[in-house]
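Here the protein sequences line up with chains A and B, keeping their order.
For the first sequence, our numbering gives the first residue as 1, with consecutive numbering after it.
For the second sequence, our numbering gives the first residue as 112, with consecutive numbering after it.
It cannot be assumed that every hint is accurate.
What the hints assert, rightly or not - Lysine-lysine pairs mimicking BS3-like chemistry, simulated, CA-CA at most 27 Å apart: (1) K114(B) / K223(B); (2) K114(B) / K152(B); (3) K128(B) / K57(A); (4) K57(A) / K152(B); (5) K152(B) / K11(A); (6) K216(B) / K11(A).
What the hints assert, rightly or not - Each pair of labels, with its calculated beta carbon distance range: (7) E28(A) / T188(B): 32 to 38 Å; (8) N129(B) / T20(A): 42 to 48 Å; (9) S73(A) / P150(B): 18 to 24 Å; (10) L55(A) / S123(B): 37 to 43 Å; (11) G3(A) / K216(B): 41 to 47 Å; (12) S123(B) / G85(A): 30 to 36 Å; (13) E126(B) / E52(A): 29 to 35 Å; (14) P224(B) / T38(A): 16 to 22 Å.
Quick caveat, the hints were computed from the structure, so don't treat them as lab data.
No residue lacks a Cβ here, since even glycine has one placed at the ideal position from N, Cα and C.
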Amino acid sequence: DTGVSQDPRHKITKRGQNVTFRCDPISEHNRLYWYRQTLGQGPEFLTYFQNEAQLEKSRLLSDRFSAERPKGSFSTLEIQRTEQGDSAMYLCASSSYYEQYFGPGTRLTVT
Amino acid sequence: ELKVEQNPLFLSMQEGKNYTIYCNYSTTSDRLYWYRQDPGKSLESLFVLLSNGAVKQEGRLMASLDTKARLSTLHITAAVHDLSATYFCAPQNYGGSQGNLIFGKGTKLSVKP
Numbered sequence: 001d002t003g004v005s006q007d008p009r010h011k012i013t014k015r016g017q018n019v020t021f022r023c024d025p026i027s028e029h030n031r032l033y034w035y036r037q038t039l040g041q042g043p044e045f046l047t048y049f050q051n052e053a054q055l056e057k058s059r060l061l062s063d064r065f066s067a068e069r070p071k072g073s074f075s076t077l078e079i080q081r082t083e084q085g086d087s088a089m090y091l092c093a094s095s096s097y098y099e100q101y102f103g104p105g106t107r108l109t110v111t
Numbered sequence: 112e113l114k115v116e117q118n119p120l121f122l123s124m125q126e127g128k129n130y131t132i133y134c135n136y137s138t139t140s141d142r143l144y145w146y147r148q149d150p151g152k153s154l155e156s157l158f159v160l161l162s163n164g165a166v167k168q169e170g171r172l173m174a175s176l177d178t179k180a181r182l183s184t185l186h187i188t189a190a191v192h193d194l195s196a197t198y199f200c201a202p203q204n205y206g207g208s209q210g211n212l213i214f215g216k217g218t219k220l221s222v223k224p
C-alpha cells in the first residue's frame, strides 16, 4: 500500500497525559499537512510542512501541540497535557502538486 | 480569511432522483477539492477542479467550478443508496499557508429506496 498511513488508529488517554501520533506520507510528496476533525464538522487545518520545514501553524495549535518532520519523511504530532477538548480525529494529508491525499486518521479520546 | 459555506447541510433523497449541492467560498481560490467521507472513515478524494469553468464527471457525480462567482457545485444524477455519505468541498487557501484546504461543514446525503 503506497498511500498515507497513520499510527495509531485509535488512542484513548486520560486527561493530563501526553500522546504522540505518527504519519507516513506518500514517499515522493514533499508537502505534509495535519488537520483535526471533530464530530459533525469539516476538518480544520493545524500545521503544514514542506520537506522538514514547518512553514505554518494555525491558531488552533496551542502551545501544548508540537509537530515535527525530521529529514522530511514521516511526521509526528504530540499533544502534551491532553484535555477533553482535544478529543477528535487527527488527519494527516500529503500532497503532490494537484492532489491532497488523506490518511486513515487517528481517533483520540480523552477521558 | 477564506470561509466556505455548503448547502444544504442535510439532504435526504430518493433513489433515482437528481440533486445539486452548492459550495460558496468567500475569497479568491483557483483550486477546489471535493471529498467523500463515510461514517468513522477518512476522506476519499472525488474531484480536483483546477481552473475557472472546470467540469469533471465520475459515474453519477459531476462537479463544476466558477471562480468568478466563487461557487462550486456537485450534481448527483439518478442517486443510488451507495452514494449515502458526507460530502465536503474544500477550496485551497493561498492566502497564508501555501495550500492548506479550508473545508465546509459538509453535506450529509442519505439516499433512500
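Verification of the hints:
{"no.": "1", "hint": "K114(B) / K223(B)", "result": "violated, 31 Å"}
{"no.": "2", "hint": "K114(B) / K152(B)", "result": "holds, 24 Å"}
{"no.": "3", "hint": "K128(B) / K57(A)", "result": "violated, 43 Å"}
{"no.": "4", "hint": "K57(A) / K152(B)", "result": "holds, 25 Å"}
{"no.": "5", "hint": "K152(B) / K11(A)", "result": "holds, 15 Å"}
{"no.": "6", "hint": "K216(B) / K11(A)", "result": "holds, 25 Å"}
{"no.": "7", "hint": "E28(A) / T188(B): 32 to 38 Å", "result": "holds, 35 Å"}
{"no.": "8", "hint": "N129(B) / T20(A): 42 to 48 Å", "result": "holds, 47 Å"}
{"no.": "9", "hint": "S73(A) / P150(B): 18 to 24 Å", "result": "violated, 32 Å"}
{"no.": "10", "hint": "L55(A) / S123(B): 37 to 43 Å", "result": "holds, 42 Å"}
{"no.": "11", "hint": "G3(A) / K216(B): 41 to 47 Å", "result": "violated, 26 Å"}
{"no.": "12", "hint": "S123(B) / G85(A): 30 to 36 Å", "result": "holds, 32 Å"}
{"no.": "13", "hint": "E126(B) / E52(A): 29 to 35 Å", "result": "violated, 50 Å"}
{"no.": "14", "hint": "P224(B) / T38(A): 16 to 22 Å", "result": "violated, 32 Å"}
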